[in-house]
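Colleague: Protein chains in written order, with this note's numbering: chain A, 1 to 233; chain B, 234 to 466.
Treat the hints with care, since some could be wrong.
Derived Cβ-Cβ restraints for the label pairs, each shown as a range [claimed, not checked]:
id, chain 1, residue 1, chain 2, residue 2, range
1, B, Ala285, A, Glu30, 35 to 41 Å
2, B, Gly372, A, Arg92, 43 to 49 Å
3, B, Glu271, A, Ala201, 30 to 36 Å
4, A, Val199, B, Arg425, 21 to 27 Å
5, B, Gly302, A, Leu94, 52 to 58 Å
Rather than coming from a laboratory, the hints here were simulated on the basis of the structure.
Every residue gets a Cβ at the ideal spot worked out from N, C-alpha and C, and that includes glycine.
There are 2 protein chains.
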Amino acid sequence: MSGGTGEGPRRVGRPRADRLRADSGRPPREELLRAAAELFTVRGYAATTTRAVAERAGMRQATMYHYFGGKEELLAELLESTVAPSLELSRRLLADTGRPAAVRLWELCRSDVLLLCGGPYDLGALYLLPELRGRRLAGFRRMRGELRDGYRALLAATPAGAALAADGDGAALALRNDLVFGLIEGVMLVRRSDPARPVAAFAEAAADAALRIAGLTPPDPLPSPRGPARPGG
Amino acid sequence: MSGGTGEGPRRVGRPRADRLRADSGRPPREELLRAAAELFTVRGYAATTTRAVAERAGMRQATMYHYFGGKEELLAELLESTVAPSLELSRRLLADTGRPAAVRLWELCRSDVLLLCGGPYDLGALYLLPELRGRRLAGFRRMRGELRDGYRALLAATPAGAALAADGDGAALALRNDLVFGLIEGVMLVRRSDPARPVAAFAEAAADAALRIAGLTPPDPLPSPRGPARPGG
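Kindly produce the complete structure, drawing on both the sequences and the hints.
Modeller: Below you can see the structure in the form of C-alpha cells.
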C-alpha cells in the first residue's frame, strides 16, 4: 500500500517497458501486480519469470525485489485481492441484522461474482494452480476459508439455513453452503467461455441461483435492492 | 485405445521408473497418460517436461514420442477424458424420452460430478490453464461446448426449462443452463478444499442443487433412482 511511490526506479532497461510505466502513472508496486496478473493469467504462472514481470512493469529485476520477495509473493497478493473485499463485505453484511439474511446473502453472492469476473484479468484462473498448496499461500487459504464461513453464517441466518442447521451436526448446512460457494467460484469457469455477456446481469443471475441452491426460492418480487420484480423466477 | 500394448519399450533408462512400469502392467499409452495426469496436476503443466512424463512412466523420451506427439497432445487427451463419458451419457439420456427430463438432467449432473471429482487426479484443475486457448485443444473445447448443449437440451425438455425457452430468444434458457453447468464444473473448486467428503453423496447433493438452479424445486419425494424421499428440500 504505502512505501515506494516516491522511490521508483530512475533508470529502466528497455524503452518499451519504460513507456508502459510512463503511460500509467501508477505506483511501482501496483504496476508490478498488474504485470504479474497479466503474465500469470495469459502465459501461465510457472512459465513466467520474475524477470519478465519486472520488464513488463518497466523496471529492472533488482528493483522489483525492493517491492516483492519473489513470484510467490506476487501470486499471494493477487490471490488475496480476489477474496479480501468479499471477506470485508461479508462481515459488514453479517452485522447488518436489520435486513433479511436472504437479501444480504444475495448481495454477497452478486458482489463476489463481480469481483471474481469483473477485473481486467482472469485472476480466478489462479485458483487451480498446484502452487496454491504452498506454505507461502497459507494466508490466502485462510482468508478463503473465512469467506466461506461468512457465507455459512449468512446462510444459517436465513429460514432455510436455520432448518438445515437444526438437522444434525451442521454437516447438512456446511454441504449446502459449499454448493453455494462452489457456484459462486465456479461461474468463473463458465464466464471464461463467454466473456461477451454483460457481467452485471450475470452476477445477478448467479446470486439468484445461489439463493435457489440455498433452498430460498426467490419470492416474487424478491426483496432485493434491484427494484421491480422480474417475471417468472 | 489400441496400438501399442505389444510394442512397449524393451529397455528403460532408469531402474526406479522401470519398477513403476513393471508394477502396473498397463499398456504404455495408458501409463503415459497417468504419468502426465499426475505431473500436470501436482507439479503443474508448464513446469512439466515431456522427459519427466516419460521417466515417470518408465520409458525413454523417444519411446514416448511413439505414442504421443508431445505435451499438448497428452493434455488434450486428458482433458477430453473429463468430457467424453458425460457427452456420451447426455446423448443417451436425451434419447431416453420415456422418463421425465428432470430425472435425466439430475442423472447427468450426478454422473458428471463423479467424473470430474472421482478420479485419482484432479484433472479439473487443468480447466483453467491459459494453454487451453491453444489450437491443439480445439477438440476439447468443441466437446465441452457439445456437452453444454446437451445440458441445455435436457433442461429445455423440463417444464421450467420450457418456460424459460418460451421467454424470448433463448438467452434466458442459455443463461440458466450456464449456471447449472457452472455449478457442476465449479464444485471441483470446493471439493479440492475438502477431499475427505465422500464423493457419492457430494455428487447427489450437487445434482439436487443443479435442479434447484434450473427452477425445478425437487418434488418430495424426488422422482429419482435414489429411493426414499429426503426430508426438507
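Colleague: Against this structure, judge whether each hint is valid.
Modeller: Each hint, compared with the structure:
1. B:Ala285 / A:Glu30: 35 to 41 Å: 36 Å Cβ-Cβ, so the 35 to 41 Å window holds.
2. B:Gly372 / A:Arg92: 43 to 49 Å: 46 Å, holds
3. B:Glu271 / A:Ala201: 30 to 36 Å: The hinted range 30 to 36 Å is violated for B:Glu271 and A:Ala201, with Cβ atoms some 40 Å apart.
4. A:Val199 / B:Arg425: 21 to 27 Å: The hint (21 to 27 Å, Cβ to Cβ) holds, given that A:Val199 and B:Arg425 are roughly 25 Å apart.
5. B:Gly302 / A:Leu94: 52 to 58 Å: Given a distance of about 53 Å, which is inside 52 to 58 Å, the answer is holds.
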